[in-house]
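Asks: Use these hints to put chain B onto chain A, whose structure you have.
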Amino acid sequence: MYIYKSGIKVIDDALGGLESGTNILILVPSLSSGDRIGYTISKPKNGEFSIILSTDQPSADIEETLGLTPFQRTHTGIIDTVTKLMSPEAADSVRVKYVPSASDLTGIGIKFTRMVEEIFRGDFSEDELEIFPPPIRFYINSLSTLLMYRRVEVLYQFLHVITTKLKKMEALGVYVLNKESFDERTLSLMKQLMNVVIDVKKDSNQEFLSINGLSAITPDWIAYQFEDGNLVMK
Amino acid sequence: MLRTGISGIDEMLGGGIPGESKVLVSMEPGVDGGLFMATTLVDALSRDRTCLVVIPTSTRDAFREEILSTKGVDIHTRPDRIITLDSRTREDIRKNIRDHSQRLAEWKRVICSACTENNVDVAFIYFDLFYEDFGLDGALSVLEMTGVDKKPVVVVEHLNLEGDTFIEDLASAGLFDLVFSIKASYTGVPFFNFLTVEHISWTQLPRRSVPYLISDGTIRLYIPKIIVTGPPASGKTTFVNNASEYGISTDRNDFRGSSTTVAMDLGWVHLKGFDISIYGTPGKPRFDPILPQLFKCAMGAVLIIDVTRPETLDRARQLLTMIQQALLPVVLVANKSDLPYTLGKEEIRRILNLPEDTIITFISATRSSDVSCVVEDLVEQIIMFPY
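Protein chains in written order, with this note's numbering: chain A, 1 to 234; chain B, 1 to 387.
Bound conformation, chain A alone (with noise of 0.2 Å):
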């Protein structure tokens, strides 16, 4: 079974990484960090491919934001919800694709699977594929915004069939919430989904995460900070 390095020392250290076909979701208030932990675990490693779906940020501002080196720049696609609002003539690229809005489910769904069908078929960077099946880490960035074009259930069904795809790829699905946002039911709905799930939360300056659903690590807050783009913990 295929281990993907989290980026996140707690987990790493104590069991080497996340298990291919984990599927884990980051639980985040308001105005913090908490994309950025998903930006952590999403950042694809030797031999690994990305894919970021992208429902707030163009996918220009998000290459530049994420501080990518040049072996993940080329390992890495954005699908972009955002771009053709303003831009309809955006046209797809091997490492860019985009759909019309976030309430369109059927468009993510093809532009995810011709991205990973890229992949497999080794077109999309000019590397040869080091690893079969290819490492492919998914993150959703961000469920919040595909919650406030969809309904939860359709959303949850939705989820339901891609997290299950991510399970027989041996993928790795991360996916960020914001928890304030939305009621109890929406939360423990999209946790169903979910075999780990991040909780963050802010106390004066100060943020603090806990892991929850990896027995060897306890579901204690730990400080973090972010120093030179990475995730430190205290």
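Hints in this document: simulated from the structure, not taken from any laboratory. Quantities reported herein were computed from a predicted structural model and do not represent experimental measurements. Hints are supplied without guarantee of correctness; some may be wrong.
[What the hints assert, rightly or not] Simulated pairs of lysine-lysine, BS3-like, Cα-Cα distance not exceeding 25 Å: (1) A:Lys-202 <-> A:Lys-45; (2) B:Lys-296 <-> B:Lys-225; (3) A:Lys-201 <-> A:Lys-168; (4) A:Lys-234 <-> A:Lys-45; (5) B:Lys-108 <-> A:Lys-168; (6) B:Lys-296 <-> B:Lys-183; (7) A:Lys-168 <-> B:Lys-183; (8) B:Lys-183 <-> A:Lys-167; (9) A:Lys-191 <-> A:Lys-167.
[To be verified] If the Cβ cut is set under 7 Å, some of the chain A residues that face chain B in the computed set are: (10) Asp-104; (11) Thr-113; (12) Arg-151; (13) Val-154; (14) Phe-158.
Where is the CB? At the ideal position from N, CA and C, for every residue including glycine.
Replies: Same frame as chain A, but now just chain B:
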């Protein structure tokens, strides 16, 4: 008739979709099936049909660009032929009308007006948000086109999040004249897409699944395997060679210099809208242990006999049993009919105990035209065969 623009499907439907029909294209999440409706739209516009597109998840321009990038066709070169109701229409309705049932009524009014005023031939409706906003009954009522004198063909694309039962229920309820479902099979390698004709109202067609490939914005139906089998030296390799646009053979010479197939012959052909892979089996009994593997995933079989050598029919009967055990449609080919022979159709049927409906065709496999006719016959059987 409205053509789908996908030749294999039009063939299966008997030429296309009759006027005033309602068609449902139901897609599993993540399956690359959006091209089905896009292909039908582009084909309809190319035939000067007036089309209405109702796509609440996108804008008119984004949809136009999507079709341009996938099909290479600008659907707005004839703006009088295409009318679009898009996400802005939905926003307007949501903003201006608070009451749920009045919103539904307004959608119906807007769609019906667009059809009447523009004399629309085909309405393409993206169903998901209607279903989500108004429930199944409400969403289905949008498709009724009440008050429209000249009812258009209605083609609906739907993201099926509810599984097979939902589609079976819709198909059996007779709400649509034609129901396709589009799915992907996820195994070790995840991308094996296939189309299933779940229901059709105007002709007898059994529920049928056909794999498909997408190449340069074109959907090509795919028959992954047709088996060509028969006794040794009956002409299988010649048949596969002449049936195929290209292929490979695994014939090897024995010590006396005569050649025999030792694994399989492999050929590919595009015929009647289908991409077809043809597998020729070895004929000698010592290769029988590998035949079940070759028969796996086959959709049909050609059984070839040498009509000049009646003594080989015992071996043909053994191979026919294997085909029947694999539950495949079969065409029997009496080969070498350009040479002197005495076997007649009825005698072959009697010796092999062939069912009445099994086609027997006398050919010479050296003639490509003969061979193509056999493959066409088998494709027709595959379309109709209740697997």
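Asks: Now, for every hint given, state plainly whether the structure supports it.
Replies: Now for the hints, and whether the structure bears them out:
{"no.": "1", "hint": "A:Lys-202 <-> A:Lys-45", "verdict": "29 Å, violated"}
{"no.": "2", "hint": "B:Lys-296 <-> B:Lys-225", "verdict": "9 Å, holds"}
{"no.": "3", "hint": "A:Lys-201 <-> A:Lys-168", "verdict": "32 Å, violated"}
{"no.": "4", "hint": "A:Lys-234 <-> A:Lys-45", "verdict": "24 Å, holds"}
{"no.": "5", "hint": "B:Lys-108 <-> A:Lys-168", "verdict": "42 Å, violated"}
{"no.": "6", "hint": "B:Lys-296 <-> B:Lys-183", "verdict": "20 Å, holds"}
{"no.": "7", "hint": "A:Lys-168 <-> B:Lys-183", "verdict": "16 Å, holds"}
{"no.": "8", "hint": "B:Lys-183 <-> A:Lys-167", "verdict": "18 Å, holds"}
{"no.": "9", "hint": "A:Lys-191 <-> A:Lys-167", "verdict": "16 Å, holds"}
{"no.": "10", "hint": "Asp-104", "verdict": "4 Å, holds"}
{"no.": "11", "hint": "Thr-113", "verdict": "5 Å, holds"}
{"no.": "12", "hint": "Arg-151", "verdict": "6 Å, holds"}
{"no.": "13", "hint": "Val-154", "verdict": "6 Å, holds"}
{"no.": "14", "hint": "Phe-158", "verdict": "6 Å, holds"}
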